[in-house]
Structures are given as structure tokens and as C-alpha cells.
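Just so you know, the sequences run in chain order A and B. Residue numbers for the first sequence follow my numbering, beginning at 1 and rising by one. Residue numbers for the second sequence follow my numbering, beginning at 396 and rising by one.
Calculated from the structure, these hints are not laboratory results. Honestly, I wouldn't trust all of these hints.
[Claimed, not checked] Selected chain A positions facing chain B (in silico; Cβ < 7 Å): (1) A4; (2) R91; (3) L177; (4) S280; (5) F382; (6) G384.
[Stated by the list, open to error] Only part of the chain A face toward chain B is listed, based on derived beta-carbon distances under 7 Å: (7) L150; (8) K169; (9) L370.
[To be verified] With beta-carbon atoms standing in for the labels, derived distance ranges: (10) B/A523 to A/A210: 56 to 66 Å; (11) B/G612 to A/P129: 52 to 62 Å; (12) B/A645 to A/G126: 21 to 31 Å; (13) B/Q519 to A/H255: 45 to 55 Å.
Just so you know, even glycine gets a beta-carbon here, dropped at the ideal spot from N, CA and C.
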Amino acid sequence: MLAARMRPVPITALSLCNGMGMTTAEVLAGLRAGRSGLGPCPPEIGLAGAATVGAMPGPLPPLPAEFAAYDTRQARIAALALAELAGPIERAKGRWGARRIAVILGTSTGGIGASELAYAHHQAHGVLPDWYSVETSHALDAVLPVVCGLAGLAGPAYMLSTACSSSAKVFAAAQRLIHLGVCDAALVGGVDSLCQLTLRGFAGLEVLSAAPCRPFSALRAGINIGEGAALCLLEREGEGPARLLAVGESSDAFHMTSPHPEGLGARLAMERALAGAGLSPGDVDHVNAHGTGTRQNDSAEGAAIAALFGPGMRVVATKGYTGHQLGAAGATEVAFTALAIAHGFVPESVGAAPPDPEIAVRVTTQFEALITRAAISNSFAFGGSNVSVLVGAPA
Amino acid sequence: MSDGGGISSAERGPERGLGLSLRGLGLWTPGYPDALSWSQRHVRGDRSNEAAPSAPSALGADAPRAELLPPMLRRRTSLLTRMAAEVAAQAIASAGFDRAEVTTIYGSVYGEIRTTLDLLAALQDPAAPLSPTKFHNSVHNTAAGYVSIATQNRRGNAALTAGRSTLAMGLIECAGLIAAGQGPTVLVIAEETLPEPLAAGRSYAPLAAAFALAAAGATDVGAVPGDMSSRTCRLVQASRGDPAVPRLPAALLGNPCALALALCELALQPGAACLSLEPHLPAGGWCIELDARDGAKGPEAAA
Chain A
1 MLAARMRPVP ITALSLCNGM GMTTAEVLAG LRAGRSGLGP CPPEIGLAGA
51 ATVGAMPGPL PPLPAEFAAY DTRQARIAAL ALAELAGPIE RAKGRWGARR
101 IAVILGTSTG GIGASELAYA HHQAHGVLPD WYSVETSHAL DAVLPVVCGL
151 AGLAGPAYML STACSSSAKV FAAAQRLIHL GVCDAALVGG VDSLCQLTLR
201 GFAGLEVLSA APCRPFSALR AGINIGEGAA LCLLEREGEG PARLLAVGES
251 SDAFHMTSPH PEGLGARLAM ERALAGAGLS PGDVDHVNAH GTGTRQNDSA
301 EGAAIAALFG PGMRVVATKG YTGHQLGAAG ATEVAFTALA IAHGFVPESV
351 GAAPPDPEIA VRVTTQFEAL ITRAAISNSF AFGGSNVSVL VGAPA
Chain B
396 MSDGGGISSA ERGPERGLGL SLRGLGLWTP GYPDALSWSQ RHVRGDRSNE
446 AAPSAPSALG ADAPRAELLP PMLRRRTSLL TRMAAEVAAQ AIASAGFDRA
496 EVTTIYGSVY GEIRTTLDLL AALQDPAAPL SPTKFHNSVH NTAAGYVSIA
546 TQNRRGNAAL TAGRSTLAMG LIECAGLIAA GQGPTVLVIA EETLPEPLAA
596 GRSYAPLAAA FALAAAGATD VGAVPGDMSS RTCRLVQASR GDPAVPRLPA
646 ALLGNPCALA LALCELALQP GAACLSLEPH LPAGGWCIEL DARDGAKGPE
696 AAA
């Protein structure tokens, strides 16, 4: 079956907050300077001293009183990223109408951090805390009423949750809904918050590094977990830093947590993204790798990139800046790719030097000025879920 | 294989609704192992008010067969994953789709909530390691992963939630996939019971339903099965008629995905019908209109 060729969709505005900074400007400055946002685990997460994480670097403002029932760390991070986009969203509402703007967000944690506190409270007191409800505190979709309510958006709204590819998938869904004609614009992105469950879960899988992670480096020792949010405004027409060209999705159909050793599913996703945009491998100037920092993941992805693009392809891994933001990683790295295109650079893969000689791609170990025509951002997940988002320069 | 090149377009817009062809169904809820048994419950008497255990082991012979999954795996997965695999297989078979080439979308509000609760309990001991298996089985796309492996399906898939709008948004996601030429698709809706203490008194039976969908008017997506001929349907934002009020058993009413069974019920009846997919919204939200069964005068309808 031939997939339909869909029109590119301009990314007209974007917003980021994560371990590197509370604002897009701070995050961009860190990316240009090769400044990592990783550090010790904050005491409230409960693993202080035991892990390096990408934690939000400042206090998170509480939600307005009308959203008090939804006021979790997760919702606060989403609201922080949303606040920066107030102007562009108002403009888009004026152009398209609030009912014609979809909201599609990705997350893996939802409000699980709130449930950890509530469960412990129940153990101690025999009742859940007053502030907790599974519907408004825990549920993956609990952030939707907050984002839609604060932004005044009324189009189709849903959460995609496919573990670490969640907020890359949202770009595919939005492009399809705009093509379908059910909306003219979409606010897409992802949000995840630090919690014990993910930190101790990855510790149980024995892939957590106590030191800052070093994706694609010969000295790598595993992953760090991060938190944050990234939002992109996609519009049927408009001007912006970059364009969403196409998205390729695939399943490994191999294993729940291990990638296919030759990166078969990863290659399939990248090939489908290129086919969706009508581009060939030579049209792509760099790849923002999933690059988590485990030997298994780095080696499968490196093999897939080298097989498709050749060993000279420039590859950047950015989890040394943010840690692995899980459900927020996909949108964060699409936003990084859009910023790299808009500002004419490829960031240093912080921590990657010295690169692993067994991985046959050109990992960027220092800041490079580069005009990028098109770049791919990869996100891979539990369940063998692979997503490659192809981002291009403005038309 | 072509599915007709999409169901709508940006130029036409969705004013006349998003057209889809419903090709097959899957259903499981305690006491009703498939859509046929569910459709006969008004005749044979309602069994769903009987106590509905939530663990597959407690269900015994009533547990979802989930024959799609390898036996070793079937015993280790949650009721949610087993229900999802069971109804996906039913819908794929009844539509005649190729299980390795279908795109599957999974909708659930609380997902693998019972596995998540096990992990929350384990976290109370700061020294206890978390089970890696439980950890990766707690993600929202657990069933998606296992089913893709079991069927060697390398297409993309997704797991989504939109609270009480999960069925509506799942159908819209499928309409988008079909318009993009990535159909045929199966939408699986599955919801387990909420465990205490998180449930805080909420109680309802588990359920799962699946809808095999293709482009409206497509003819070559698979054989039309004997138990349900295809139905043309449309997702619309304002219905022309009065949406049906489904008669659901009390034990299922609190389930946030109960509307999926109401849609199954309407699809199993031959006449035209309309169902509000977002009755919780003040403005009414999305509805689905079903045309009378395409083969209503044919032999399938008489069977």
C-alpha cells in the first residue's frame, strides 16, 4: 500500500523547558554552548545522591486556582512551557478559530509522581490525601484540561502514550489530522516529570548511569532520566523556524525492551519518513539520534543510520544535555532539530567524546555551524515503537 | 494493496462528516466472550451484573482466550493486554484483514493500572528492586508491543487516551491514518477495573471492544465476513438526528470506555443509528452515524 504524500506543515512557534533551563532562550543558549543540564537528583524525588538526572532547574509556579484539582508537577511543567506560547496561540486562534486547533500531547509518566505520594500517604494514614484523585492527578490525560483550558483551545484533544516515542508520534497524528481536514492547526508536544517509578524501573533494568550519560561515547555507562516539556504549534500555513516534512513510524516486532540488533525497525522508520516527504538519504544533513547511552541502543541505531545514510552522516545525541525525558523526549528533540535548522548549527553531542569506534557514523563532538536543509529526529521505545520525524528548513 | 486513497481531504473539509467503513468487531467483557454473545444478551438474560473478578486467574475458564499471544506470555500478561489481544484478533478475523499489515490503535484511560499499582506498592520499600518485567509491562503501549511481536506486524501503532472522549478520539486518529493511506486500521478500546486504593470506591466491570475500519467505499481490504457485513459510518460534530441512548448493564456504566460496547451494540443491529461519543460534554461533541447495514437485504442479515 502506498501512503499518501502529505503537505509539509510549518512549525510556527515552539517552546521548551527542561534541565537546561526554564525558558526556550535558556535552553537554546545551553545547546549552543554545550552546557549540560544534568545534575544530582532533587531530594523530593527520593533518590538523592543515587542518581544523576535532568531536573527542572527552578521552582515550578502553581496552577491558577481554577485548575487546583489538576495541580501536579506534571501539569506545572506543561503550563510553564505553554505560557511562552500565549502570543502565537492567540494569533492562531484568531486565524483558524479555537475549535479548529487540535491538542495532541505525548507522555509516559502522566501524574505517576502524584500517585507515589498519594499511595505513601494512604499507607501511613489509611486514606488518600484530600488533594488526590486518580482522574485529575494520575491519569495520562489529566494535563489536557489544563492545556486546553489555559490556552482556550477546543479542537480534538488527546494524549499519545507509547513510552519513549510518545511525543514524536504526536507530529504524525497532527500532520494526518490537518491532511484529513479535521483541524487547521495543532498544538503538539510532550511532557514528563521525574518520579521514583521511572528512576527505579530503569535501575531495575540495570541501564541507569550514576554519572552524566555519554551517548555514543566509548566511555558510556548508561542513561540518565530527565523531565521537561516541549510544545510546537503546527499550522496549515504560516511562517516559522522550520517545517514538519513527514514522519515515519514502525514496530520492531522483536522484543519489548531490546531493539532489533541491526536496527531494522529504526531503519524502516527513517525510510518511511523519507518516502513520506519524497526525499532521498542524500537530502538529509544531520540526524538527531535517539542516543540514550546504552551500548545496545547506540549500536543498533548507529548501524541503522550508517546502513541508510552511509558512515559519514553527522549524528548528534542530545540526551547528555537533558537526560532521557521519556515521554517528552521526542518533542524536545524535534524542537532541538528545528532550532538547529533555524539558527544554522549542529550542537555538540555533549559527553560523546571520545566516540565509540565501533559505531560507524560521524558523531558531532563539538559545535558546528551548518546550514541544514533537512534533518531526522529519532525516537524509539519499549514495545519496539520507532518514530523518525523529518524536519526541514522553511519553504 | 490499495484502500481507495483516503476518505477525505483538506480541500473538502469535514463538514459532511468523516466517512469510514466498519468491517468487523471484537468484544470481551465478563460473561460475554464475543460480539455475538453480547448481541444475544437481551434474549438470554444479562450476566454482566454477576461478580466480575479482575485477575485473569480469578476468571478461570471465562478469561479472554487471547490465542494471538504465545501461551507462556498469555499467562504472564495483565487482563488488559489479554482483553486487547482477544478483541483485536476477533476484529481482524471478522474483517478479513491481514494481521501483519493492519495498523492498530489502542485506547484506554487508565491503561495497565493494576501493574502500575503493583509497582507503587513495591516502591514503598526503598531497598526493594523493581521488577523489570512489571516495569516494562506498565507502559500504555504494552498490548501494542506484545501484539506487534506476536503478529510480526512492523507497521506503526499507537496507544492513546482522552479520558471519557477516548472512543471519539480513537476513531478520529483512525480516520487520520486511513486518510493518510495507512489503513486498514483496527481501533482497540480496553479498560480494566480500577484497583483500590486508587479507585476510591469507583467500581465497574472490565471491558474491551475492537472496530476494524477501512476507507469508505474501499472494496479490496478483505472478504466481507458472514457475521457482519460492512457498515458505512460517519464521524460528525453535530448530529442530524437524536443520538441513541444505549441500554448498558449497570455493572458497566461506570467504566470510562463503556461507550465502546454501546457502539458495538448499534453496529450489530441492521438499522441506521447515531451515537453520541462525547455525551459528557455540554456542547455534545462528536457523534457517529451508522447507515443501515450494507447487506441488510442479503443473506448475512437473515443468518
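Results for each hint:
Because the closest C-beta pair between A/A4 and chain B is about 4 Å apart, less than 7 Å, the hint holds. With its C-beta approaching chain B no nearer than about 21 Å, A/R91 sits outside the 7 Å limit, and its interface hint is violated. Look at A/L177: its Cβ gets to within about 5 Å of chain B, closer than 7 Å, so that hint holds up. Interface restraint check: A/S280 against chain B, minimum CB-CB distance 20 Å, threshold 7 Å, status violated.
Taking 7 Å as the C-beta cut-off, the interface hint given for A/F382 holds, the closest approach to chain B being about 5 Å. Proximity of A/G384 to chain B holds as hinted, the smallest CB-CB distance being about 6 Å (cut-off 7 Å). For A/L150, the suggested interface contact is broken, since its CB lies about 17 Å from the closest CB of chain B, more than 7 Å. Proximity of A/K169 to chain B holds as hinted, the smallest CB-CB distance being about 6 Å (cut-off 7 Å).
Restraint check, A/L370 versus chain B: the minimum CB separation of about 30 Å is more than 7 Å; hint violated. Between B/A523 and A/A210 the C-beta distance comes to about 19 Å, which lies outside the given range of 56 to 66 Å. At roughly 54 Å, the beta carbons of B/G612 and A/P129 sit within the given window of 52 to 62 Å. Checked against the given bound of 21 to 31 Å, the beta carbons of B/A645 and A/G126, roughly 29 Å apart, stay inside it.
Look at B/Q519 against A/H255: about 30 Å separates their beta carbons, and that is not inside 45 to 55 Å.
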